[in-house]
Amino acid sequence: MRGLKRNPWLFGLGLLAIPVWFGGQAQADINNDQAGSLIIFPKVVADGERDTVIKITNKSNMPAYAHCYYTNALGTCDLAGSSCTDDNDCPGTGDSCNVLWQATNFDIFLTAQQPTFWRVSTGRFGDLLQPACEMGGSCACDVNGPSGALECPGFDAGAAGGINSIAIAGTGTDFFGELRCYQTMADQSTPLGQNSLVGEAIIETIASGQISTYDAVHVTGIDVGTDLDLLLDNAEYNACPEQLIFASHGEGASADIAGVTTTFSTELTLVPCTALYNLAQPVTASVNIFAYDELELRLSADGVPVTCFSNNRLDDPDYGGIFDAALGDRDYLKTRIVVNSSDICLTGDNAGDPCDDDGDCPNFRTTDGGEDLGCRPSPGVVGVVEEFYSTSAGDSGHAAWSLTQTGSRQGSDIIANPDLAAGSLP
Amino acid sequence: MLKKARLALFAGIVGLAMGPASMAQAQTSSDESAAILVWPKVVYDSAGVLFGDPTDTLINLSSTATSSLKQAHCFLVNATAHCSGGSGDGDACLSSSSCGGGTCVPGWNEIDFNVFITQEQPLAWLASDGLSMNDLPIVGPGVCSNSPRICFSDVQCGGGTCQIGPNGQNNLGTGVPPVPEDPFIGSLTCIQFDPGQNPPAPDQSATTNALIGEATVFTVPDPNTVDGAKYNAVGFKATEGDGADTDNVLELGTPLDGAGAPTADYDGCAGTLIFNHYFDGATDPVATGGVSSSNGETSTSLTLVPCGNNLLTQEPGAVVAQFLVFNEFEQRFSASTKVDCLFDSPISNIDTSNNARSIWSAGVSGTLTGQTRIQGVGNAATGTGLTGVATLSIATATASTSAAYSLDQMGSVAAGDLLTIP
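For the record, the sequence lines run as chains A and B. For the first sequence, the numbering used here begins at 2 and goes up steadily by one. For the second sequence, the numbering used here begins at 21 and goes up steadily by one.
For reference, chain B alone in the conformation it holds in the complex (with noise of 0.2 Å):
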């Protein structure tokens, strides 16, 4: 039946009239450097409880500055869930499963702090261990600007000024603490502050969109194995026209104004973000004809996040993810689940505990890989964007190997999406 339906779809769409598709192009990128920051997926497990392997993730954060000081003010999501009542109460879980008959109940909180770049710096930190005083770059001491003299503070320039780094630009005032637990799994966003200000307030200067980041999820099967999986941030760039206001509601993506303008502080999450996959269980081509040491089933974990958050009011964004699922039949299949904070999770267990009957299955598809459209929906004050990052793995011998990548993004999302920040 299908070999028909091939034919004669091969058949019918030779000829058909084919024009420029006039879709908007989503805003948020993972390739341009921007003044908001989002890692969707952070995770640390010093002994594999929840992913099977020790685990941890290396964050990476530059600045394209070229001449001035940046601040980066970081808010770390943990949206580690945990047992409530059986035998594994209070553990960390992924699912009820493994809470010995009691529930796995999500968690969310999110703890800030700041960072200063000096321009061009680079920076990265493990999850695990976060950056301390000690390991700060450019912390001094400087040298005063009215004598060859040593100095940690302006205090002991006797008027002068204590000159710490080149420029006079340095590291001082970054704490980035480690992950509060073990296991972790959660989120980072970091907004360019303007470290000039009083209070400290967004960054609303020509050189607003100056930070890039990208982070390295590290699993260690074995002591002598290190397998990494890495992948650009999400950025969101300051609107040319509105530009980073002051206040601490930010606008992610509005309409335009009638001159075709941005009304919004930031540009907006993409409206479908679509992403290119193998299906769960599918084979390995690459281990066809028994060359490779992989013994080769895929399984593919997205990780999804909401644009829009209350961290004044501790109220996470909530977004339904509506999944539009393609074969390489044209079949289309369609689910849906509720993205609270944050969803990481095999696709084959979007629909279902039985992977093998889910649609994301390579037996249930048809064919090893597929196109998977997702669209938020709902009514929560915080919008509906999503945004997230995608994560294959393939089953070696002895392991597995893994890999991250960016989902493709199209259009934005209509009513924009609000981040409130204390």
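Extracted from the complex, chain A is given alone in its bound form (with noise of 0.2 Å):
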């Protein structure tokens, strides 16, 4: 590729890039290619310029049930009013980024190797007399009226709505975040490891009509219990990886494709794997980020914050410029992101500190399930890279892919459920 040509002077002057030595890891276990019985969509858009399409499959011979929730983790500024995912969205001095992090929760239910789907903005409406498409007409969805969800020839997969009524809510076009939905026994609760979901999304541009896609992150279920405590600890869920690898253009490289000069730029969206749905209260992960260019030149931002949902393009501040491709000729780069093993408070006075024991977190939590939320490991991550293609003309096509995992964590994260029968909302 012209645009990734080298000097290979450069490296008669001496310039040596350090070796990290990382281990020998085990292989992660969750993944993007499997059915799990919890899976993961880090990126979920409805902002009025993009929208997302969800696409879930049941791949068993089993009827499938799910939790799941959404989390958003769009806020507004506090001065300049405008929306933003953290404090960098807030240009103005003294600015910051009040953000919610507000979960909202919904069931579905899958008939045996049923295929569903539905627009996030709109949600979906379910409608027992809408027809199903015939030959040599349209196949497509109508809007119903009062709710503005779509009506869609097919079998909804709400299981809360019933006949004609909202089988899955829209979020509207104010919402940035995350999807996650547990797999259920039939009381759209008690979790269960049948490891029958399949998840893709696709989000759209709407003025232009491009679209990207990406597999959701599936965790396996191994020995599940029936308490609402999920565990990603290899026992009861796969847990989640060690480290993260994606390959991308440095931040605003330029290449010639098919005669076309592009300028490339990449957004990483990257969430906790823990999850505290029965406190309300969001999660900081921590990640070290190591970017290695062609000659093996690295550089790395370390301590990063994830806190709850992360969606950043790379040149992000909080990236610290590492993947500016004028920055020595990092036109094309490898990136690492290992997690923090550190140990942490995960609740009480002193949330997101560095802990030795439950007795440095004083007022930490408890689940009802019993787990403690005071001095844990800190939580892992999982993502999704976006990239965003340029021409002389403006904005133009965009691709989503999957992070390759490696490592796997041991025993750290959690997703804690409230029971919602015995009323434990906080």
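Any given hint could turn out to be false.
[Claimed, not checked] Some chain B residues well away from chain A (every beta-carbon gap over 10 Å; in silico):
(1) V69
(2) N80
(3) H102
(4) S107
(5) P215
(6) T333
[As the list claims (entries may be wrong)] A few chain B residues facing chain A, derived, Cβ under 8 Å:
(7) N129
(8) P157
(9) S225
(10) N296
Simulated from the structure, these hints should not be mistaken for lab results. In this text the structure is predicted, and so the values were computed from the model without any measurement. Glycine is no exception: its CB is placed at the ideal position from the N, C-alpha and C atoms.
Make the complex out of the two chains shown on their own, each in a separate frame, by following the hints.
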């Protein structure tokens, strides 16, 4: 590729990289290409400019039930009033991003082998009278007048809505966050390790019609208990990876693609594996990021926080400019995201601070299932990457892909659900 | 009728006892580093002859090894078909309908090359260009180990060693040819070799699963628009039990031995591939309501390649792919087709040339989305495993936009597959 050509004399000048030894890790067990009992869509957008279609299918010959959570990470700049996901999105001095990280939940139900989909902003309306598509006609959804939800030919997956009502509620056009669904028994609450769920997401830019797709992160259930705490510990569910790897263009790099000068920008989305839905409280993970160029030159950004949801272009200040293509011919990069394994207080007065034991986390909380949320290893992360292309005429297409995973964390992550029957919502 | 069936179905399934399914896990993966990588779809079409718009593919190949040089021995399979007879004699084709009375004859041949990757290094090249000597990132000059002298080889160091690149690792020996014709469609397979062995052989070291890869299929419908469809290469890990051996017959998955350890060289292909898709001709839900510039008609292309090939005798794998298709009503359809070297087709052309009558047509299936399960069968000596990638396209007001995604995998091929290399 012409844009990646290097000057070999640079090496004669002594441009040497420092190797980093990460040791031989075991392979990660969560994945993007096998069905799971917990599926995570790290990037779901419905902000008026872009929208997302969620596709989930039941690969088993049994019915599948799932309980799902949307988490909205879109906030508002306190001073500017504009939308934001972190403080860096609020450029004014002293301005900060006020995010509620509000989670909303719903249920889905799939018959054997059933695929389903819904548009995130509108949701889907359950209408038994919606006729099936027929040969020679169009096959499209309609808009349900009162609700704005889509009425689509087919068997909607909404479990709670029933007939002629909202099956899956829309988020509206002020949503930027994640979706995760865990498979349940027929009560739509008790976890079940049937490993039936497969998911993909399609993100579409409404103005241009350009699309990106990615495979959901699938977490395999191993020996799933009936309590409401999902333990990603390689015993109940597979654990999150120790490292994530992706290759990308340097931020702002250009190359000739079929005769068109194309500039590349990449957006990295990360979410903690741990989620405390029982407390409605955001969780912060911490990662160290190492970016290697083709000359093995390594630059790093250490201690990058991932609070509930992180979605940043690679030129975000959090990354310290390590992805800048202009910084020494960094046209093409390979990036390792290494999860910080130090212990932190997950809840309590010192939430987010380093700790040695639960005693360092006064007033830490406990889940309904009895799991202490005190001093625990810093949460793991999963995510997705999306690449944006621009030409001299402006923004053009985009494409998303999965992060490569390596290593397997040891028993640190938990997804704590509220006991709705017991009314334990905070 | 369907509505009654739905109600009955809904009522009937409530209360069914459920238990964990006992499916074996697939072995290949698209999200872990591996010893063999397969990019099922590599295309180049500078004038849009086959694919409508100018198209090129960016191949990414990276090493996750943290301390050693790795070698990838790669096989670029050319599966471009050509017209035989008719007014288009000799032209590249996708079907006989473009051959002006002639026949579109499938083609198959491969070329191989080496890529040397230093620790942690990312490499990328366009299918149209390859990587020439001048494009390689680390080729020297180096510095003599016994004096601060610039050098290109050991002979210039008077008994010392010419250290080229960090830790003495460099890309010398790498040469990636451009795809051999335009237009081109084919696949790429790279096998991790041990650069320290003579003759070269599959890597048996502890860091044998060090390769990761992606491909981006770029389409340029006009000088102002670049569209990309990106997917992860499919990886086969060397097994922890038997491990990669040094002969030229690579065993991809076989039954476990008595102690439960794998007896193959590499993990096997998925027994069943699953993908979730729009049926062709459905209207994109985001276009509903008229707020999108997309007019919204969807189509999905499916690319499949056999896991096994005989690259020594130039005999491609040949597998019959059996399809089970489910719509949202849980209605089931089936079809089959032959995958000879490489299969790439809109899903609504798998079973018929009349898209509107296909079981993958939204008008026939009755719903917008479906689930397709793919299983390879046959008696080819190379095995019955299949792997592939799906590409979704949605028509916009002026062109179309596309995105690729991996096929989900379930189980593994019981008898395994064989990849024989020269």
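Results for each hint:
Non-interface call for V69(B) relative to chain A: holds, since the shortest CB-CB distance, roughly 13 Å, exceeds 10 Å. The claim that N80(B) lies off the interface is violated: its Cβ sits roughly 5 Å from the closest Cβ of chain A, which falls inside the 10 Å cut-off. For H102(B), the condition that its CB be more than 10 Å from all CB atoms of chain A holds, with the nearest at approximately 23 Å. No beta-carbon of chain A is positioned within 10 Å of the beta-carbon of S107(B); the least distance is around 28 Å.
Chain A leaves P215(B) outside its interface by the beta-carbon criterion, the shortest separation being 16 Å against a cut-off of 10 Å. T333(B), annotated as away from the interface, keeps every beta carbon of chain A farther than 10 Å; the closest lies near 31 Å. Because the closest C-beta pair between N129(B) and chain A is about 24 Å apart, greater than 8 Å, the hint is violated. Because the closest C-beta pair between P157(B) and chain A is about 4 Å apart, less than 8 Å, the hint holds.
At a threshold of 8 Å, the smallest CB-CB gap from S225(B) to chain A is about 11 Å, leaving the interface hint violated. Interface restraint check for N296(B): the shortest CB-CB distance to chain A comes to about 4 Å, inside 8 Å, so the restraint holds.
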